[in-house]
Amino acid sequence: MLILMAGALLTVDDLLWFLYLYPLRFLSVLTPPALIYPLGNLYQLCARKRRAKAIDRMLGAPSAGIARDRAPRIASKFLANSSFRMLDDLILSWPSCTRRMRCLGIDGIEHLERGKAAGKGVILLTAHFSACRVAKRHLARIGYPILTVRQEISKGEWWGRLGRRILERRRVNFLHAIIGESVYVQDPGCTLKILRTLRTTGLVDIHFDMPSGSGTRPWPFLGVPWRFPTGIFELVRLSGCAVVPMLCLGRSSAFRIVFGPMLDIVSAPGRDEFVSANLPAFVETIEKQIRDYPEEWQQWMTI
Amino acid sequence: MDDHLSGPSQDTIGRVRRVFVESLHLKVGHAELSYERMLEEAASLDSIAVLEFLTAVEREFGISLEPEFLEFDFLRDLAGLAAYIDDRLGRQRE
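Chains W and X are the protein sequences, given in the same order. Per this note's numbering, the first sequence starts with residue 1, numbered consecutively. Per this note's numbering, the second sequence starts with residue 304, numbered consecutively.
Bound-form chain X, shown alone:
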């Protein structure tokens, strides 16, 4: 997973945050949002919410996360997730 931790694009991070807000039906502005905290809270209330968020991310970017990345800790790390998505999109273009 460490391979994906460097240099995610701000565009990808922004899109993940937007999907996050939309899929969890959050009524807060992006600026106020602590992604990690909100994801933890949403998951503790309803673990299905995590699944909805994940599938929304997959739809948004047209990828399917590999099974070994289906971990709550991985999803909670916004920069790592965005870097992983960038990497997957890069590989698709090649």
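Chain W with its partners taken away, still in its complex shape:
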């Protein structure tokens, strides 16, 4: 009743965020992961509409290579992974999180080292996979700090008055804490901060599977029309940095990081020509990651 009356005072999202940011967060530090993760499996059982929508999206992306009979199982795993990621975020929000993270292995670290050795910094080409935040926290801990390029944290349209007053700031601080060092594409000095990191042979993570920034270029993605960000190409062209694909799989209690070989960058005289020359290889790289691990990709609902 309170919720219905309010339109303003309290919304369902307020309640969910309250549960997530307070009781669940405290539960996450007191409870072994083996007991927390079943919550994720519970979620997929009660999210039938989302599951049906995910199946639709998977089958509607012809180049994803998902057969009709496999789609329901992949969609279930995808939903479970989405909730595991939210639970992992809770774990990452505690300073003691590293004790609870277990990396099963890092493949292809020599590709990353080769990129760093070129001396102009490395852009890590990634897509929205469920273990990205966990993997980046682990890499930072073992001596590979990464600057994340991301959209500004949205203020959220969903808050009621109580949520806006009590929870909004809490949510932003929570996200800042788990994401770590980052730069927002809306920041006018964003590209300078990225360049500074690259020129000190640092690592910059850019999720390439979502349009961000002011420039985009249309190109098919998994067989559907899509727009890709072009800012990454200008960064590569003007900085001369290396581009190394990174894939992060699993969850905090068991995750794996895979670096691919450095991409061969085709030089071209101008901005547009450079995008045209290199976009197909970038897209192909992340398409392959998604085809290989469709249940771990987190953007099925948006494609």
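Calculated directly from the structure, the hints in this document are not laboratory data. In this text the structure is predicted, and so the values were computed from the model without any measurement. Hints may be right or wrong, so weigh each one.
With the Cβ distance kept under 10 Å, some of the chain W side facing chain X (calculated, not the full set) [claimed, not checked]:
# : residue
1 : 99
2 : 109
3 : 182
4 : 191
5 : 193
6 : 195
7 : 235
Among chain W residues calculated to face chain X with C-beta under 7 Å, some are [unchecked claim]:
#  : residue
8  : 189
9  : 190
10 : 201
11 : 210
12 : 227
13 : 240
Yeah, the Cβ is synthetic: ideal placement off N, Cα and C, and Gly gets one too.
Take the given structure of chain W and dock chain X to it, following the hints.
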């Protein structure tokens, strides 16, 4: 950064302004241009434009800005930027 704030040459300021207009493809005369305002507007529309401007300045003067100077606030200060460039060119000649 304060060390660089005094006495930039008018020639350097003029060259930076020219590079600014050319790299951002602005269609306005130098006299009409408020450098700081236009840079802010260009950056808010497309932060890549700032990067293009920076690399054009580096090409023009044959220098590479040190990482600690890769700040939007530093780039926005025309006199400070020009003084820094003069200082770097002076050090190169020595």
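Broken hints, by number: 1, 2, 3, 10, 11, 12, 13
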